[in-house]
Amino acid sequence: MERVIVFIDNSNIFKGFRKYNIKADYEKLKNLIVRSRELENIFLYEGAIYPMSPEKKKWYKELSIRSGYIIRTSFDKIASNVATEKKVDINIAIDIISLAYENAYDTAVLLSGDGDFVPVVKKVKEMNKNVEIWAFRYSLANTLKEELKPGTVFYLDDILSKIKIQHNLG
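Letter by letter, the sequence shown follows residues 1 to 170 of full-length UniProt numbering.
Warning: the hint list may mix true and false statements.
[Claimed, not checked] Each computed DSBU-like pair below joins lysine-lysine, with the alpha-carbon atoms no more than 30 Å apart:
| # | residue 1 | residue 2 |
| --- | --- | --- |
| 1 | Lys28 | Lys86 |
| 2 | Lys123 | Lys164 |
| 3 | Lys145 | Lys123 |
| 4 | Lys149 | Lys123 |
| 5 | Lys57 | Lys164 |
| 6 | Lys145 | Lys19 |
| 7 | Lys123 | Lys86 |
| 8 | Lys86 | Lys56 |
| 9 | Lys15 | Lys28 |
| 10 | Lys162 | Lys149 |
| 11 | Lys125 | Lys149 |
| 12 | Lys87 | Lys123 |
| 13 | Lys125 | Lys58 |
| 14 | Lys23 | Lys123 |
| 15 | Lys57 | Lys123 |
Simulated from the structure, these hints should not be mistaken for lab results.
Modelling step: build the complete structure from the supplied sequences, incorporating the hints.
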């Protein structure tokens, strides 16, 4: 059975959810991505300001307990989005490549459209690993898309109705 590890650049993905004004169910998202494959791990990476809000701590704890997410947070003491996002990208890159060397997966599933990941994708492909990208159409870098085979790029725009949290009225 194909082994997958999912790497979510939540700083990148959350912006898309906000753009479309939806709150996503990360359990449903995980299930749609993994399908019938064997999930080895699912990592969620995010930059955060220290100290973290109680709401954010609660959300991370629920994701971890309910859905098995491994949370990887990069902390900054002040709001500097560019520096924090670069730390997140570097941490994702290190994990994707080091886990490929450890033969921990057959397919790396990356939720980000960031063109900074092109060298990472090239490296793991050289190691005979598969790569899938899940991103929003508006945020998928052409350089990243061009690096992938047909059938390995998926658009989050197409699954929004399936992962949207429905609010009960009344």
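Verification of the hints:
1. Lys28 / Lys86: holds (28 Å)
2. Lys123 / Lys164: violated (34 Å)
3. Lys145 / Lys123: holds (15 Å)
4. Lys149 / Lys123: holds (15 Å)
5. Lys57 / Lys164: Satisfied, since the Cα-Cα distance of roughly 21 Å is no more than 30 Å.
6. Lys145 / Lys19: Holds. Lys145 to Lys19 sits at ~21 Å (cutoff 30 Å).
7. Lys123 / Lys86: holds (19 Å)
8. Lys86 / Lys56: Holds, at about 21 Å.
9. Lys15 / Lys28: At roughly 18 Å apart (the allowed maximum being 30 Å), Lys28 and Lys15 satisfy the hint.
10. Lys162 / Lys149: Given that 30 Å is the threshold and the Cα spacing comes to 25 Å, the pair holds.
11. Lys125 / Lys149: With Cα atoms ~11 Å apart, Lys125 and Lys149 stay inside 30 Å; holds.
12. Lys87 / Lys123: Measuring from Cα to Cα gives roughly 19 Å; hence the hint holds.
13. Lys125 / Lys58: The given pair, whose Cα atoms are some 37 Å apart, is violated under the 30 Å limit.
14. Lys23 / Lys123: This hinted pair is violated, its Cα atoms lying about 34 Å apart.
15. Lys57 / Lys123: Given that 30 Å is the threshold and the Cα spacing comes to 34 Å, the pair is violated.
The structure does not agree with the numbered hints 2, 13, 14, 15 stated previously, though it agrees with the rest.
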